[in-house]
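Fit chain B to the known structure of chain A by using the hints.
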Amino acid sequence: MELKDKIKAIIPQAVFSETGELVVTLLPDDFRRVAETLRHDKEEPMDYLRDIVGMDWGDALGALYYLESTVTYRRITLKTSTADREQPFLPSVCDLWKTAEIKEREVYDFFGIRFLNNPDMRRIYLREDWKGYPLRKDYDMDSNPLDLDNEVNSDTTEEYYLNSDGTIKGHENTVFDRDAFVVNIGPQHPSTHGVLRMRVSLQGETICKVDPILGYIHRGIEKLNEGLTYPQTLAFTDRLDYLSAHQNRHALCMCIEKAAGIEISERAQYIRTIMDELQRIDSHLLFYSCLVMDMGGLTPFFYGFREREMILDIFEGTTGGRLIQNYNMIGGVQADLHPDFQKKVKAFIKHLRSVIKDYHDIFTGNVIATTRLKGVGVLSREDVISLGATGGTGRASGWANDVRKHHPYALYDKVDFREITYTEGDSFARYMVRMDEIMESCKIIEQLIDNIPEGEYRVKTKAIIKLPEGVFSSSVETSRGEFCVVLESHGDKYPYRLHYRSTGLPLVHAMDTACRGTKIADLIAIGGTLDFVIPDIDR
Amino acid sequence: MEERSVGMEIKKQTAIRSMKYEEFKNNDYLEEMVRELNRNGAGVIVGAVDDLLNWGRSNSIWSLTFGTSCCAIEFMALGAARYDMARFGFEVTRNSPRQADMIMVLGTITYRMAPVLKRLYDQMAEPKYVIAVGGCTISGGPFLKSYHVVNGVDKIIPVDVYIPGCPPRPEAFYYGMMQLQRKMKVEKYLGGVNRKEKEPEEEK
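First to last, the protein sequences are chains A and B. Per numbering that gives the first Met the number 0: the first sequence = residues 0 to 538. Per numbering that gives the first Met the number 0: the second sequence = residues 0 to 203.
Isolated chain A (complex conformation) (with noise of 0.2 Å):
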């Protein structure tokens, strides 16, 4: 049965878009209704929620889910808003998806919008005492100036509910007890990859709680991108999660050539997929370097470091960047592939296999590591779909989530590659997966390397790109996990409003459920082992 019709026949007054995708508007009490019929339906539950997008469209704030079943791989989006400015209310479902939890506090944060029931609503991103919502379109942009006063934070947050009267009321919960034990990690921690900062309360040596507390790179990329056109916004993606930087500029250029109906050239694509997997490789090889060492082993650092050279050097001819290549351009890439690439690439594929045993040898079975890592910080299925821990660690769950195998772009449809996927869940798990997918990485790159069709690298396009009026969005399989950009269009050459789904928010988001319960000394560990970085968190 097709998705709209489903929608259909419990709500008849919805309403379908026609421009742009397929988004269903409806009133937030028909939403909460449709909500939880789709997610619990039997046969194709709409069980993981990828995104909360919040918009301010200037009568009404609301906010777009995109949904999606585990089951079939289909994917819907609803849409619903208020058209109150100065109190606005939306029912929450963190109930249905946990990861609404924190999502919604990202909406609230940008855009004022109180969820009902949802147990905290405190800022996320901003300081506490921050005045106004930076996202709305009326934001006044110097009404914070820069306060180097230290910045307090409450142990208290405001739930909202609604009364049977139809009022709306509201009372405090705690976030940590007087009592409690809290331990402060952070912003300035070598271990936390990144400015992540975290309140961990214990009991003795054992975990009761992580709060994370974000913000400390907030950017506010997703404000800028509203003043720049369309070509400049692509500056901004690499700079999000750099060491996934190709995947990110490949999923926003997707989006805008799927809306403008651009047809990019076959050699594009080869180009954009093996950068795709060599960029995978490096942070791959990042991860095992850092995990290794805040673990405390120093050696592996060099190993990791000595092959992603390699990497770097092969992005350097090409695109002359190392870290930060801003290669992929609207219609195709900028600049054609260094005529020793391929010689390169096949070198480098052939070394890393030569070595990755040293890798295995050194780590992988080593008594402590097994140690520590093994039945630690456990995440079930369930856990991490109803989460919404994409990439490698809902894979080491058992969450068959790998975008390019389940939403084929680029070249991933013809290339033969396996899903990795472990069923423990524990850090163990979550290291193997990128261990593993790595040698993936080097199969698709081999499959593609000798077969680059002659052709032009870009094609031309228009000086000024506009796009149609609508909704458009597109994901990609980064080197952490489903990146997304929802880009809504009002045919301007400015984008309304362009949102990137952070990969790693749902995996910070995690570390409260995967700490409770262990000790202390291994949070850094599993911190490491779901594999986030922070800027791509905080945009």
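Don't read these hints as lab results, they were simulated from the structure. Be aware that a few hints might be false.
Stated by the list, open to error - Here are the simulated SDA-like pairs of lysine to any residue, each with C-alpha atoms no more than 25 Å apart in a straight line:
#1 A:Lys136 <-> B:Lys154
#2 B:Lys154 <-> A:Met309
#3 A:Lys345 <-> A:Met309
Stated by the list, open to error - Covered by chain B, according to a simulated footprint, are these stretches of chain A (three or more residues, beta-carbon under 8 Å):
#4 182–191
#5 222–234
Claimed, not checked - Computed beta-carbon distance windows for the label pairs:
#6 B:Lys144 <-> A:Asp28: 38 to 48 Å
#7 B:Gly88 <-> A:Trp56: 54 to 64 Å
#8 A:Ile463 <-> B:Val91: 48 to 58 Å
#9 B:Glu170 <-> A:Pro452: 34 to 44 Å
#10 B:Lys144 <-> A:Pro338: 33 to 43 Å
#11 B:Asp83 <-> A:Ala346: 15 to 25 Å
#12 A:Trp56 <-> B:Phe23: 29 to 39 Å
#13 A:Asn149 <-> B:Ala80: 34 to 44 Å
Owing to the predicted nature of the structure, the values given are computational and were not obtained by experimental measurement. In this text, a Cβ means the ideal position worked out from N, Cα and C, and glycines have one as well.
The following block gives chain B in isolation, referenced to the frame of chain A:
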């Protein structure tokens, strides 16, 4: 350099072994620092002790790891075998500001991070140096117009060396770090940079 060391003036080495003096840009500000030093007069013995101390500390700069985003990954590459910071004596990075000589600001500083950076800088012991790495720390870079990005760390803390790039290449890191070494070498240490901070006023 030879003509500058006339009479009782102290001779200051602005050259370092790894690179020729002429190959550096902005030599003039170092010359100005040397002139400043000589104008105020410095004893020959104190000057000689200064030189020894400066030689030591400029070749073992311990940096505080303060990576917030992209540039930090390039800094990690510096620590690995290919670029090998240890050749210059930079390889010791400290996670506590109390033990660090220098803070390398690697990546965008946002409004939420700014008080933290200021506090870390205040916690460092004198003499302390700041290197601003990358476009974001120098001016806000691509995020200049953002509502949450500090437009240059020099608005919060004094900066000694700027390394432009997005992110800078490892070679650029070294150039910047060598500039800092040269600056350290011409400074007056005793009674100079080691006593920069004002004495706290005594409570009566």
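Hint check against the structure, violated hint numbers in rising order: Of the numbered hints, 1, 2 and 12 do not hold.
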